[in-house]
Amino acid sequence: MKNKNASPLIFLSEALASLMVFLLSYYNLTHNNLYTSILTVLEALNVPQQLSVMILPAILLSAVFTLMLAGAFSKICHLSLILLIPSVLWFSNLDWLQILRLPINLQFFKTDLPFTCILYSGLLIISCETLFHFLSQIKRTRRELLSRGADKEDVEKVAIKQFTFASTLTALCTLTTLVIVNAAFLLKTTFQNFTRQILYPYITLGAISTAITIICILAYLRSQAEESQ
Amino acid sequence: MLTPLVWKLLGSFSALFLMGMLFGNIPLLCFSLIPLIASVFSLHFEEPRGIRVERGENKISAWINETVEMKISIEALKGVGIITVADTLPEHFKLEEGNNFHVFWKGFGKLSKTLNYKVKCTKRGIYHIGPIRVESRHFSGLRQTRIDEYPIEAELVVRPRPVGIKRVRDPKILSKIPMPIAAVTKLGTLTTDFREIRQYRWGDPYRQINWKATARLASNPHSPPLINDFEREGKRVVWIFLDASPYMRMGTTTENAFEYAVQAVLGVTQFYLARNCHVALYAYNDGGRLLLPDCGRRQEYKLSREILTMEPQTQASLEPLDKAVKKCRGHIKGANPYFIIVTMVKEENVQELLNGVRQLRKISKGARGKPQILIIHVSGYSITARGLYESAAAAMLEIRNNSIIRLLRRSGAYVVPWNPRRQSFSRLLLAGLTQT
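Each protein sequence line maps, in turn, to chains A and B.
For the first sequence, this note's numbering gives the first residue as 413, with consecutive numbering after it.
For the second sequence, this note's numbering gives the first residue as 5, with consecutive numbering after it.
No lab work stands behind these hints: they were computed from the structure.
It is possible that some hints are incorrect.
Stated by the list, open to error - Just a sample of chain B residues kept apart from chain A, beta carbon distances all over 12 angstroms, derived:
#1 Lys12
#2 Ser16
#3 Gly28
#4 Asn29
#5 Asn103
#6 Lys110
#7 Glu139
#8 Arg141
#9 Arg147
#10 Pro229
#11 Glu351
Stated by the list, open to error - Cβ pair distances, simulated, as ranges:
#12 B:Phe45 - A:Asn505: 43 to 49 angstroms
#13 B:Ser116 - A:Ala470: 27 to 33 angstroms
#14 B:Glu61 - A:Phe423: 57 to 63 angstroms
#15 A:Leu435 - B:Lys114: 57 to 63 angstroms
#16 A:Asn505 - B:Gly15: 20 to 26 angstroms
#17 A:Leu428 - B:Glu70: 51 to 57 angstroms
Claimed, not checked - So the derived list for chain A, only partly shown, Cβ under 7 angstroms to chain B, looks like this:
#18 Gly561
#19 Glu565
#20 Lys573
#21 Ala623
Even for Gly, the Cβ is constructed at its ideal location relative to N, Cα and C.
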């Protein structure tokens, strides 16, 4: 079998994925009211319009490339999520800023893009973040095995298979989430008929679902602990 | 058991989920599903289990510096992840080919692999190879790595190559390796094992005269006839005293004066045992390890087995040669055995050796003939010397030793200095041949 090197493959995948999610989130930001407000502030500071359009992407891109060279791909994902958050928050049903009577509210983060576009962009960013979590583990294992004196050829083979498995699993997770999300939207009317009968449906259902999730997680962790003993 | 990495994924889920609940934000709630599903899916796949490890048929005995092939077969039935297999090698083993640490990816199917690697045994001894350590790792590190130790150990006996000593069958030369004739051998009956052609002596039977050899080799008509001499059955005894003092460690762990001394002892032992002699071994300065005189293959096996575990001591000498001789007195008295002392002659131990030689002469007094004592002096300085200057220094130190060696010779012992770097042991003993 031809000897493949896993390191460049993993690096390339990380670089491409992080660049893609960054561009996607930047695109989302440009369609947000916040972006227009930033440009207005820069204009008020007598910055030429052409320069102010270029200054923000230049700063962000330089930050992205610096992080990329440092190998901190996970941080690029965090940066992308921060850029996306204003658009996501605009779809909130509870505006705490308004409830607390603060001078601004979530309407300030109005976006031109449709709900599905924001949803899929966010899902993609979180999927990449999860993939990077697995890839960091692969890199750590690879380094450890090489330092312990394993054959490079064996380690590369293992790393490539591990990478394939992790990528497939992440894709499967994203696909499952998409299926659940779309199924939830399809069953929306049925749910709404049911929730109308409940008093304070948001708080009641929210509390119940949170409690169920926490109980499930704790039960699972406990069973794992017992199994290991 | 789970690792803290699980909390990282669950933390992402919790943060997104709680934020989504706080703001009533559907996208955030949807985002939170990804880390949750990822952790559930990852934990669903367990690390490799149902692992079977077997050691192949390996060699049980090898010579020093021989390359030995090791085989291990591994089978994993369940789980997905990484398997590492490490075979524990003892000290003094050098990896020649392959690796004793392997990594495999266990997919959904059954994993079946055979590992091969070759090692070189650089020092004599009885070694235990193993146990085999197998690590089963979860593919994403969410579960703790399982470490199993399979106590499948293989014993490998690494024997030093004995120096092949041969007896020269030329009637005109005399070897410095004597057969212990002065022992009770003379009473033994003749065997059919040919020993040598020698000159006729008074009392030899006429039927032993080799007329052809006499006609061919006799230089004048008055020279005595030559006879065929045969080995005799009997209890000829050789006592070997091996020095295990700390100074015998001179050199590296794999190449030192003691290692060469062991080689010499094995060579001499094989030589005498092959000639039906009774050989005894005493390692002085080593807690008094004694092998009583015996002959045959069993003694050869016992001796080589005993010598494999001998190591020079780290502490100063506690049992000098004379004390060792006194200890063996009961076994030596009455006979006139041949004594071989394998040591490194130095200024520090010369008095000890002189006392030892004196003691040996005293014990053998009652027996017929003069006691025969051979001291093999292993030159430790030349073993440690690296490069031209160090070799010159070693040679100078050896020259300084000459006066001590002369002193020992005067006391009645025959001293053979041996530089293992330059001389082969068998050639060295042949170098002592003299024309009759």
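Q | In rising order, the numbers of the hints this structure does not comply with | A | 1, 2, 3, 4, 5, 6, 7, 8, 9, 12, 13, 14, 15, 19 and 21
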